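Engineer: Chains A and B are the protein sequences, given in the same order.
When you line the first sequence up against the working numbering, it's residues 226 to 513, in that order.
When you line the second sequence up against the working numbering, it's residues 472 to 710, in that order.
It is possible that some hints are incorrect.
Said to hold, decoys possible - Pair by pair, the computed Cβ-Cβ distance ranges are:
# : chain 1 : residue 1 : chain 2 : residue 2 : range
1 : B       : Ala491    : A       : Lys428    : 54 to 64 Å
2 : A       : Val286    : B       : Ile514    : 43 to 53 Å
3 : B       : Leu692    : A       : Tyr445    : 42 to 52 Å
4 : A       : Ala315    : B       : Trp654    : 25 to 35 Å
5 : A       : Val286    : B       : Met489    : 47 to 57 Å
6 : B       : Val684    : A       : Lys428    : 38 to 48 Å
7 : A       : Asp335    : B       : Trp654    : 28 to 38 Å
8 : B       : Phe483    : A       : Ser488    : 33 to 43 Å
9 : A       : Glu477    : B       : Glu566    : 54 to 64 Å
What the hints contain is simulated information worked out from the structure, not anything from laboratory work.
All of these numbers come straight from a predicted model, not from anything done at the bench.
Ideal Cβ positions, reconstructed from N, Cα and C, are used throughout, including at glycine.
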Amino acid sequence: MSLRKSKLGLIIGLLAIFMMTALAGCAKEESPAPSENQPPVTKELKLATTTSTEDSGLLDVLLPEFTKDTGYEVQVIAVGTGQAIEMGEAGDVDVILVHSRAAEDKFVEDGFGVDRRDVMYNDFLVIGPAEDPAGIKGEADVLKAFAAIQEKQAPFVSRGDDSGTDKKEKGIWKKANISTEGDWYIEVGQGMGDTFRMADEKKAYTLIDRATYLALKDKYQLEPMVEGSPDLLNPYGVIPVNPEKHPQVDFEGATAFAEWLTSEKGQQMIGEFGVKEFGQQLFVPDAK
Amino acid sequence: MEIIIQGLKEGFQLIWQMDAEIVDVTLLSLQVSLTALVLAALIGIPLGAALALRNFRGKHIILNTIYTLMGLPPVLAGLLVYLFLTSRGPLGQYELLFTPTAMVIAQVLLAAPIVCGLTARAVMALSQEVYDTAATLGASRRQASLTIMREARMGIVAALTTALGRVIAEVGAVMLVGGNIRWHTRVLTTSIVLETRMGNFSTAIAIGIILLVISFAINMLILSLEKRTFRYENTIQIT
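Okay, chain B solo, but in the shape it has when bound (with noise of 0.2 Å):
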């Protein structure tokens, strides 16, 4: 228990001093967190829109291997960036192993499947009924489907959020591909590994209040935005 007050004493002054190192790896984090967040969202939002709102041969078969791409172990995403990106893997000429890049290819591989995975559930959710009234008000096949995005928007800041939390928490890939190199690829997680292994149990501890801290602040910003969008919609109440 001592020392886990202790942590959180430290961790507190940690922060407050601003140490540079401590700074530095954080920005690291949300940097290469942030950058794979937007593009997982680039490529999963309207993979997961098509997919949700399509029907053609093999729609399950994808689904469900996008389902399970949502739990693929990070470890082994960093094992299939490293194997592509070493010196004598096929894109090794490029020199990307070992730098932020590489952390952010590792992470868009964790991220993608999960904002598509969610963001086809939401809109699966909900997207007959919707399309329905929407055609029925007479709106074109191209309306209705945005109709259809704008309701499950909801559904797809979930997805986001989630898959947020997954690539800012994660250490195994980033670790692999990153290296945890002092200065230039340490993050926020593989600090707390490295900490934990010299024993210096406290500041292993401040890093990850750090790290809950920035998680709390992200959710909180995405929900006080959802708030504003549906200021005018009711909640459910139950009377």
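Looking at chain A on its own, in the form it has when it is part of the complex (with noise of 0.2 Å):
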């Protein structure tokens, strides 16, 4: 008999837990109630980009904008630039914001993107200990500095995942013409703040993006050494992919949202973007 009530018991426990979540579900539904001074959401346009404009904020600045003046609510995947462009060579997006000038290209000229247009700019800096082992700090020339981190042995984090962050120190070491074999080379695979807490974790260099840095700088204690060398820009282009390729894509959409970033006001924005919360311009329009 007790075995029985307790099982009772169980199955009026699990029965209350069961209709607890479905009246959750219930109540979730109905709560979004829509506003009436926007205009109706209708038309979804998927976008795959790299984290670093995700993790900036800069796409949460413009994306609402960007929403009330065209109607287009955009589904953004954030993701490496690699994974990105591969995404719009499968048509599972409309358009892709990306920033590998090597790779756009190939991705334009074998007909998978039509269409590329400059959006911004902004640079990346090498971090590293206070300590300084290679002995950089100040240099001007990314190419000399990566010399002698090469020449002292001194750790360097590499992102090491194919990303636009990865293909740009990749393209470093390549001009400066220095091997990257030994120990010292850590190649981690992951992305831009991981890579970062890594790198301050074991005390050594990496080449970081100003927007991540300044968002993440406060919790970690690598010094900025090299910035500002030419080597160390990097351009964003805009690539709406191709509808004669994947007949499925909002084509339309996708050029909306390529016009609109290099639009006056949205160029404007992206000029804007960071003087408030960091004191500083993360990213440099310049759509011509």
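Take the two lone chains and join them into the complex the hints point to.
Structural biologist: As structure tokens, this is what we get:
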């Protein structure tokens, strides 16, 4: 008898939990009442972009304004440049916003994207521990700084994930004609935030984009070593996916997005972004 | 569909060619997870058996805690280990973060509760009658306890396979405490994450196949051992 009772209790208990969840689900469905002074959002646009635009908070500022102006709601898929381009090639997204000029040009050449536009650029900096074992603090030329790091075999953490930042870094080693063989060169295959954290932990040098650096610098101890070198500039481009390759993509929306980003208003918002939060401009608009 | 077939093809090619990096990654995966499993077994089996066979105050609370820890989110386990091992953490001086040792520690944290909890369940499922029978036959307390463990070995083997399945397929903890460093702490699961993020879907699938094949082989080995042990005992037959 007591066994029966406890079983019954268990069943009632489970039912109660189940019902509460179900009720919570209902409540959630009812809550977002459409506001009447906003245009109804009916069109959705899929954007594949790099983690830097998302993590810096730039898109949070731009996208609501774009939605207000055009009625398109943008779904952001923030990944590495490599994967963003792959998504564009597969037609899984309508438009991409990435930063790797060589890969972008190939994307367009292969017919996957049309009408690439310059949007903005930001810059990278080399950061490292205050002890500065390679003695590169204040070096104006990043090529010389990298050579010093290799010569001293000072630990350097590389993204190693084929992202835009990773390609940029590999490009600098290549341009400086330096081999990265050796234990001092640590390829972690992770995102920028994680790479920063690991470099800090290992007291190593790393290459980082300014937006991520400013957003996270208070958490870690690495300091700026090299900045302003021409090889550290990082241009972003926006590319709608070619509707001839993938008829299902929303080319009209993608073009509207590209036009809006490069419009006077979009460009102005990009230029102002970061001044309030970080006291520093993060992206320099450069649409032609 | 095409990309999956492509992935399968590339997977077998990669295994066939014995690509040096893939071999390195695979061996490290095996090394870390098997070490973690052995340690988890050394902790979990005695603890689980003791919990099942002894009665003391607070037993249910402890059992309940262990059952809860069986579902410990890997990332959380990783984070705890990370905070202990970071250079500013209590064990920072040993410089274990981003080493295979750190990965083993995190996986033991995940596997030990599973081994312990499932062992306890397996033993509890049969303890009384087996113990009584053994005692009736004149066994000492110690002998009777050992008999129970022998009878529960099927359940303990199940506990070990479950734990191994959990740790070898786990990614959150090893990514965090290992750091996915090429040639040092990169394992099969973190490679899959990396290749996916880089858009190399077929390579990711290929590595996934290696992982599954390893799991399959290990389970096959365990099952065949089990069969040998039980050769003279009848399986249940419904006639």
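Engineer: Hints numbered earlier in the text: which of these fail when held up against the supplied structure?
Structural biologist: 1 and 8
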